[in-house]
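Trainee: Sequence:
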Amino acid sequence: MSKQINTVPMTIKTAIRNAAFVKGFKDIKAGKPFDYDFGGDNTSRQWAYERGRQFGLMYVGELKLGNKIRFGAQVELAYAFNTRSIV
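Sequential numbering of the sequence shown, starting at 40, is according to my numbering.
Hints were generated in silico from the structure; no laboratory data involved.
For clarity, every value in this text was computed on a predicted model and none was experimentally measured.
A few of these clues could be false.
Subject to a maximum C-alpha distance of 20 Å in a straight line, what follows is the list of computed EDC-like cross-link-like pairs (lysine to aspartate or glutamate) [unchecked claim]:
no. : residue 1 : residue 2
1   : K65       : E89
2   : K52       : E115
3   : K52       : D80
4   : K68       : E101
Beta-carbon label-pair distances, calculated as ranges [to be verified]:
no. : residue 1 : residue 2 : range
5   : K71       : R109      : 15 to 23 Å
6   : N121      : V99       : 15 to 23 Å
7   : D76       : G105      : 24 to 32 Å
8   : R56       : Y118      : 14 to 22 Å
9   : F110      : Y75       : 28 to 36 Å
10  : E101      : P72       : 20 to 28 Å
11  : S124      : K52       : 14 to 22 Å
Glycine included, each C-beta is placed from N, C-alpha and C at the ideal position.
Make the full structure from the sequences, and use the hints.
Mentor: Here is the structure:
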């Protein structure tokens, strides 16, 4: 049986800035298959990657404009978390 990972509260901006989340988002947008080796033994990175992929399927826009996170991405990710479309 797998051990449950510890969770920590974070803001929507923090989630979108997470490198693993961004990689997952970009991978799905590029049509790449799931990277089973990504994150190694780091379960938190694996989950962030998967959330990024899920969000990439739901959101049609870009995450950032230059260095700024797009407001639409923040709203849509918050909605996805609140409706438990992404957990």
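Trainee: Hints first: check each against the structure and report whether it holds.
Mentor: Evaluated hints:
As the CA atoms of K65 and E89 are separated by approximately 11 Å, the hinted pair is consistent with the 20 Å bound. Proposed proximity of K52 and E115 is supported: the alpha carbons are some 12 Å apart, at most 20 Å. For the hint pairing K52 with D80, the CA-to-CA distance comes to about 25 Å; that exceeds 20 Å, so the pair is violated. Between the alpha carbons of K68 and E101 the distance comes to roughly 10 Å, so the proposed pair stays at or under 20 Å and holds.
The hinted window of 15 to 23 Å between K71 and R109 holds, with their beta carbons roughly 22 Å apart. Checked against the hint of 15 to 23 Å, the C-beta distance between N121 and V99 comes to roughly 19 Å, which is consistent with it. Remark: the range hint 24 to 32 Å for D76 to G105 is upheld by a beta-carbon distance near 31 Å. Take R56 and Y118: their Cβ atoms lie about 18 Å apart, and the range 14 to 22 Å holds.
Distance hint for F110 and Y75: a CB-CB separation of about 33 Å, consistent with the stated range 28 to 36 Å. The given range of 20 to 28 Å is respected by E101 and P72, whose C-beta atoms sit roughly 22 Å from each other. Between S124 and K52 the beta carbon distance is about 19 Å. The supplied range of 14 to 22 Å therefore holds.
Hint compliance for this structure: hint 3 alone is broken.
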